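**Q** According to full-length UniProt numbering, the residues represented by the sequence shown are 1 to 532, in order.
It should be emphasised that the hints constitute simulated quantities derived from the structure, not laboratory data.
Source: prediction; values computed, not measured.
Check the hints yourself; a few may be wrong.
Pairs of lysine to aspartate or glutamate residues, derived as EDC-like cross-links and limited to a Cα-Cα distance of at most 16 Å, are as follows [said to hold, decoys possible]:
no.: 1; residue 1: LYS187; residue 2: ASP244
no.: 2; residue 1: LYS187; residue 2: GLU246
no.: 3; residue 1: LYS191; residue 2: GLU246
no.: 4; residue 1: LYS268; residue 2: ASP21
no.: 5; residue 1: LYS344; residue 2: ASP271
no.: 6; residue 1: LYS267; residue 2: GLU366
no.: 7; residue 1: LYS19; residue 2: GLU366
no.: 8; residue 1: LYS187; residue 2: ASP126
no.: 9; residue 1: LYS268; residue 2: ASP359
no.: 10; residue 1: LYS225; residue 2: GLU166
no.: 11; residue 1: LYS480; residue 2: GLU427
no.: 12; residue 1: LYS357; residue 2: ASP340
no.: 13; residue 1: LYS480; residue 2: GLU444
no.: 14; residue 1: LYS262; residue 2: GLU356
no.: 15; residue 1: LYS57; residue 2: GLU70
no.: 16; residue 1: LYS267; residue 2: ASP476
no.: 17; residue 1: LYS57; residue 2: ASP126
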Amino acid sequence: NRIMDFQDVQDWKSNELSKADYGRMPWHDVAMGVIGPCVYDIAEHFVLRWNFVKRDKYKRDDRFDWLTLEGREGEDEDLIAVQRPKHPVGEYIHHPVSPMNVKTGRPDANNIQGSVHAQLVRSSADWSSGILTEQSIQNAYCEIIRNAEHLVYIENQFFITSTGEEQAPIHNQIGKAIVDACVRAGKEGRKFRVIIVIPAIPGFAGDLRDNAAAGTRAIMDYQYKSINRGEHSIFGQIRKQGVDPENHVFVFNLRSYDRLNKTPALKKMEDESGVTYQEVQRAQAEEIMSSGVHGGAESSSSDEGESEDDEKEHYSSRKKKFEARRAAAGLRNDQVISEDSVAKNAMLGEKKVSEEKWDENDLEQEKANWVQEELYVHGKVCIVDDRIVICGSSNINDRSQLGYHDSELTIIMEDTEALPSVMDGHEYQAGHHAATLRRMLWREHLGLLPAQPLDADEDPNAQPPDVCPNHWHEGDEWDKLVADSLCDDVWNLWTQQATTNTEVFRHLFHADPDDNIRTFEDYQNFLPRNDM
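Produce the complete structure using the sequences and hints provided.
**A** Structure (structure tokens):
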């Protein structure tokens, strides 16, 4: 579908996509919470960018103040782009507000200490930060991948890279590092895998045949040429040096399914109340998200505030009307037969989808209500040898990696705490943070984790890192299964499940892209018919 994902993004409470009519594209992301000295580096980068923009665009605008930073005073102020003109416009606001020596993560403060060496790297340049071009993110990716011995596991929103100068206009050399690592392993006769998880289709709305989708098709073309199309692709360059790339490089995507809960009872209530489910959905968003999400920031004008209040009241009254009609029909929440979502059934310990309740008088409508969509991989994470993690905002493409395009920030994490583990059947000292993160991701993708409740307030993994450590189901049977990333058992499970899922989604939903689609005529014939 990829419908309306960028529709009215400034209205963050609005969802113009009705859950009763369409399946929303699910997202998968990976993020890090950090404590300790690396927080200072993040703050310094932010202050530098703020002051750079203040200097170049708002130097004479008193709405925006200069920021100063503890540890960057005096002659060092230039490192964060502070200027002190004779007649400054705006104040000088010093950060942090409280002294550094009381911050969490300092040994003398007796607070929780991490076990990870963390290094901030960035892509930044004169236009974005007022500094010389820096591409330390690309340097880190290339060095860490090139030195890998066992496993490179990548999740990324894009995968556009080159193996040399012949692939211009693509210049980042992450692909070359992958080639080098695979060729070295192949010639040494060592089991080595690069597993790449990316979206099946870039997440931009529209039919792939439309002229407006030219950009989406171009991204897909560059990704195919990066991976396996042509002699200069990763596959081509590995094969050129006498190593079989199919023993080393594997690419996957994620996909999900659900059932729309548009029952005859819901349609009847919509008709009789004159209120659509989409309006109820909007009212719920207003109730849940309108207070406190943005810190209670005041509206830019009283008229705007009154307009928002009127809109909120409008949707609230519509919701009450809908609920009144439901009550009049004698239908309470605990009497609703069908679930709003059955997606949780893909996870560990849940029921079969065939066991989900539905109105027995409307089974044909239930068939029509099953939907699928790619599970959009938005994370930017790389885990190497269960010891090093790269995570941040940087995609694998030139915009993120070359330094003089998008400004990006990424963190390199290497454990000091060892985790006794297994690699290719042998005892192995993994890094605790890297290995447990990789295990949790693999269990999530394989459906070997319990479904997460919608309200994750009590989930330890949703807490700041200095509140409690992550919970990773240590020692259960599924943790033991995925502990060895090169184990044949987990690899067979992964590949067999991927093959089965591909066949099922092809048969039931005609999910695209598909190996059977070679032309636009094939694409037209492959699309699901309205009567399916």
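**Q** Hint by hint, say whether it matches the structure.
**A** Results of checking the hints against the structure:
Straight-line distance between C-alpha atoms of LYS187 and ASP244 comes to about 10 Å, which keeps the hinted pair within the 16 Å bound. For the proposed pair LYS187 and GLU246, the alpha carbon gap of about 14 Å is at most 16 Å, so the pair holds. This hinted pair checks out: LYS191 and GLU246 have alpha carbons roughly 12 Å apart, not beyond 16 Å. Taken as a hint, the LYS268 and ASP21 pair is honoured in the structure, with Cα atoms around 15 Å apart against an allowance of 16 Å.
The straight-line distance between the Cα atoms of LYS344 and ASP271 is roughly 30 Å, outside the 16 Å bound, and the hint therefore fails. Note on LYS267 and GLU366: the hinted pairing holds, with a Cα-Cα distance of about 14 Å set against a maximum of 16 Å. Between the alpha carbons of LYS19 and GLU366 the distance comes to roughly 15 Å, so the proposed pair stays at or under 16 Å and holds. For the proposed pair LYS187 and ASP126, the alpha carbon gap of about 43 Å is over 16 Å, so the pair is violated.
Note on LYS268 and ASP359: the hinted pairing holds, with a Cα-Cα distance of about 14 Å set against a maximum of 16 Å. Of the pairs offered as hints, the one joining LYS225 and GLU166 holds, with about 12 Å between alpha carbons and a cut-off of 16 Å not exceeded. The straight-line distance between the Cα atoms of LYS480 and GLU427 is roughly 13 Å, inside the 16 Å bound, and the hint therefore holds. Restraint check for LYS357 and ASP340: satisfied, since their Cα atoms lie roughly 11 Å apart, inside the 16 Å limit.
About 14 Å separates the Cα atoms of LYS480 and GLU444, which keeps this hinted pair within 16 Å; it holds. The hinted pair formed by LYS262 and GLU356 meets the criterion: a straight-line CA distance of about 14 Å does not exceed 16 Å. A hinted pair counts as satisfied when its Cα atoms are at most 16 Å apart, and LYS57 with GLU70 does not qualify at roughly 25 Å. A hinted pair counts as satisfied when its Cα atoms are at most 16 Å apart, and LYS267 with ASP476 does not qualify at roughly 45 Å.
A C-alpha spacing of about 14 Å is found between LYS57 and ASP126, which places the hinted pair at or below 16 Å, so the restraint holds.
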